[in-house]
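Visitor: Starting from the known structure of chain A, arrange chain B on it as the hints suggest.
Listed here are the chains, written in short residue letters.
There are 2 protein chains.
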Amino acid sequence: MTINLPLLCVLLLSILSVNSIVEARIRHHRWEVKYEFKSPDCFRKLVITINGRTPGPTIRAQQGDTIIVDLKNSLVTENVAIHWHGIRQIGTPWADGTEGVTQCPILPGDTFRYMFVVDRAGTYMYHAHYGMQREAGLYGSIRVALPDGEVEPFSYDYDRSIILNDWYHKSTYEQAAGLSSVPFVWVGDPQSLMIQGRGRFNCSKPGVEAASCNATNPECSPYVLTVVPGKTYRLRIGSLTALAALSFEIEGHNMTVVEADGHYVQPFTVKNLFIYSGETYSVLITANQDPSRNYWAVSKMVSRNNTTPNALAIFNYYPNHPKRSPPTVPPSGPFWNDISPRVNQSLAIKSHPNYIHPVPQTSDRVIILLNTQNRINGSVKWSINNVSFTLPHTPYLVSLKQNLLDSFEQTPPPDVIDGYHTYDINTVAPNVNATTSNSVYRLKFNTTVDIILQNANTMTSNNSETHPWHLHGHDFWVVGYGSGKFNVSEDPKKYNLVDPIMKNTVPVHPYGWTALRFVADNPGVWAFHCHIESHFYMGMGTVFEEGIEKVTKLPSSIMGCGDTKRFIRP
Amino acid sequence: MTINLPLLCVLLLSILSVNSIVEARIRHHRWEVKYEFKSPDCFRKLVITINGRTPGPTIRAQQGDTIIVDLKNSLVTENVAIHWHGIRQIGTPWADGTEGVTQCPILPGDTFRYMFVVDRAGTYMYHAHYGMQREAGLYGSIRVALPDGEVEPFSYDYDRSIILNDWYHKSTYEQAAGLSSVPFVWVGDPQSLMIQGRGRFNCSKPGVEAASCNATNPECSPYVLTVVPGKTYRLRIGSLTALAALSFEIEGHNMTVVEADGHYVQPFTVKNLFIYSGETYSVLITANQDPSRNYWAVSKMVSRNNTTPNALAIFNYYPNHPKRSPPTVPPSGPFWNDISPRVNQSLAIKSHPNYIHPVPQTSDRVIILLNTQNRINGSVKWSINNVSFTLPHTPYLVSLKQNLLDSFEQTPPPDVIDGYHTYDINTVAPNVNATTSNSVYRLKFNTTVDIILQNANTMTSNNSETHPWHLHGHDFWVVGYGSGKFNVSEDPKKYNLVDPIMKNTVPVHPYGWTALRFVADNPGVWAFHCHIESHFYMGMGTVFEEGIEKVTKLPSSIMGCGDTKRFIRP
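For the protein sequence lines, the chains are A and B, in the order given.
When the letters of the first sequence are read in order and numbered with my numbering, they come out as residues 1 to 570.
When the letters of the second sequence are read in order and numbered with my numbering, they come out as residues 1 to 570.
The following block holds chain A by itself, in its conformation from the complex (with noise of 0.2 angstroms):
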């Protein structure tokens, strides 16, 4: 018998590709988070890892995937659940992860199943969504690449992930504890900002343990991006800080913006790349430099004056050594108070020509929120037109979809708070009257409503600050940036209705405001919030349902807490 090399192989090469797209359909992931040392910036702490790993596993997926992902709870006291960050949860907002919105949290020993499409390629992330257990390292990448066919607006070489963070020393639970107490006590700037992971603090400081900081631990290696002169490398950035928004730069090279919380940007460049958290961004870099030497990667704190350190990648040129330091001081960055280069970036993010969502040019509601601080029963608290929110114990797609009236305020938030018109967003917050409540905005299904976020001075004179909101279950057009206070009749006529980008998550400028407008055609309960995890747990969000009737069957694995308790038989 004579065998038919060539056509063996072709047999062989259909029946593995006829094999990849099958299995391209559902990508299944079992992950077990707990509790385990590790030290990403040299320092030991206790982390929350995803199989061992912080950042967890990257789920890597085609457009029109199912995820999959099995998640074991083997914390041994605490509950836990994770957030798919910029993915909408079209038809399965239970799979949403935010503990109090869309499910109870997962007990200690339980497997959850979150399984939802990704139905849009772009650049995402996951992360905790309950108390503070992000700040414990719990996040990770999301990829969802183009369906077969397709191709990008733009070309590169080579595609690479990274997520910026910052971090923090003490525990979570010490943190938010703190938050609570009366007096308020902070935990104060990150001891570190980290790059994919990996920071650098100076186990040398004084009154640190030697045991507890060891600078050359290989978990504190810096992040190790290596590149092929001459290529274009398709870097997708995220943001997961806890605190900072930053600044992130890769010394002698200009980056291409292209993409932004998975929408195509119609190109610009920048020599640095402001991030908040809760944003996603996909920038081209052409390894372009000299090729003979390596070069820094920056991540530095900005819009709020600090203590730390910048956190330093190597941007390596093969085949130099990956740990050869480049031979110049790392770049400065920009200083952390000039606002105008922020906001200058802000208004360049313009949606691609060619992939415009054509913008509805009326809205159908218009909500105002006003951020301010306040203090309320002795705490220090954020609040959004005077309602500082707090989250209930019966997530609130289960109490709207069973009529579960008793689990939380029926009485709506405004729309605008009593005397808006003259606030003073320029003085310390006059604001007194500032409750907590778990009351959500109820929206008609398939109206368009426009949210202005209000920048406004905190308690502390002279002082506003920079809030990255981010809206689940959506992305929204940013029809608009401002400074100063919104004015109803005149700044909407400067929106821009033509090309804005669609995004998931927005910074609101100090003293400035923001302007966003989403079709609530998603049936569901969906979280919107300042992305700074302590603002967040201080009360600085609020929760948008519409179309609950619509939502189909709910599943039980989301319920057994709060009222819905009620639903176990004895």
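Simulated from the structure, these hints should not be mistaken for lab results.
It cannot be assumed that every hint is accurate.
It does not matter which identical chain is meant; a pair holds if it fits inside one copy or across any two.
Below are the EDC-like pairs computed for lysine to aspartate or glutamate, each with C-alpha atoms no more than 16 angstroms apart in a straight line [stated by the list, open to error]:
#1 K45 <-> E174
#2 K444 <-> E549
#3 K34 <-> E174
#4 K231 <-> D159
#5 K72 <-> D563
Because the structure is a prediction, the values reported are computed rather than measured.
Guide: Quick look at chain B alone, frame taken from chain A:
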């Protein structure tokens, strides 16, 4: 109208006394559990408080009262459960508070109602029974008085309760993660011992941050027991140490032991009382020394070589200033490694002759529990008959009552290990066949069971540790102690079947054995384990089921986790 004042007084008094009798029937407590920063040994750390306190509020009741504790979990991401240590929960096995055994954990935001009768006067305690939360400070005293008209077989003027403890500066998460790590990380000796929640860490130690340690913090001022010269005090002493076996003494004063774990003891006098985690004693102390000065009360760690300083309290003779230091050096206590006085005290504890509960003269079943230390899959564990116990995530009480046979391993552990008769307890544990399991012993209802706790050498040569074993749902007769290997045919002949004490917690001494007898007459599922918190966490325990068919309808409040989630209707 004239008023007959004396008659009015009598009427009022009788109304009041009726009321007080009525109120004595139900003792209703509302507790909120949360994290707070406290400095119980001057070192500031996160602790779990009840209504802002650690130790929590003392429960005072009278025999026959019903205790109701509405426990609100205000931890952010962490569940909780509280065990009522020494209360047998006759008729209320679901109120024992043992996570994984009698209930699901209480979720954040939930309020769980514990309701049970305190059916016997005596000295008891409560504490967290979930993960290692007890060590985070969640504990307190229960004091049950005799019914009106009944008197103790001893007299005293005043009644006081204290709990002895040890204290770690690392969080319980760090401790637990270390115990589960490969390689094993042990937290080491406690930083402090505490008397009624007050210890004294040396803040001047090198490396201790001034901000986190303040020797003048009133939270760590020594506990003061103020006495009136000539009066006799009943001091109720409990131990809830995580690790330490203790010796407690009051300088210059003898103590007469009159109660142990709620049972009257044939009185005997000691200079120092040895007390193991989980035990309670009442001692009588007469303030019969020079009243012009104060005296030291000292708690010292024994049984294990250690670096932990002794705890000091002040035995204050009124009217001396309570903070006046005694003029003497505190007594240094017994040598840590002198076993014989500890064994002698164990042997000295017999039932008060007028309060003997007759012990069954024969038993129906003998279970020999060989305690060994093992390495399983690289982890250091403790095993009982080669089974290192793990808790299931479905409480046994529900799974056994509802026949959820997949919820735990159905093959029971052995009553005696194969090869027991040739096992050498004096050499480094040779048994390599240890496994982890959540299987349980099922006892025939109303039968009499003997338990032999057999100690052995650990994985370190020439080392055997003291383990205090605590049985839930029962008191047992302590019928014998011995050194070396238990002899099945000879040793039972030496049992004390005349006046053995009944207890709920008993030590097994190094290289020794302890024999217990109890009647399996309390329908329910009951944990039996070493009360050293890390030892139970590492597998040193087991569970007994008896009369599950007699348990009445289980409250749904204990369900909702593991396989009892199945009971949720969609």
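Visitor: Treating 16 angstroms as the Cα threshold, decide for K231 and D159: within, between, both or neither.
Guide: Only inside one copy: K231 and D159 sit 11 angstroms apart there, 83 angstroms across copies, limit 16 angstroms.
Visitor: With 16 angstroms as the alpha-carbon cut-off, assign the pair K444 and E549 to within, between, both or neither.
Guide: within (11 angstroms within a copy, 54 angstroms between copies)
Visitor: With 16 angstroms as the alpha-carbon cut-off, assign the pair K45 and E174 to within, between, both or neither.
Guide: both (13 angstroms within a copy, 8 angstroms between copies)
Visitor: Could you figure out if K72 and D563 sit no more than 16 angstroms apart (CA to CA) within one copy, between two copies, both or neither?
Guide: Result: close only across copies, 15 angstroms inter versus 24 angstroms intra.
Visitor: For K34 and E174, with the copy left unspecified, which applies at a CA distance of at most 16 angstroms: within, between, both, or neither?
Guide: Classified as between; 12 angstroms across copies, 19 angstroms inside a copy.
Hint violations for this structure: none, all hints satisfied.
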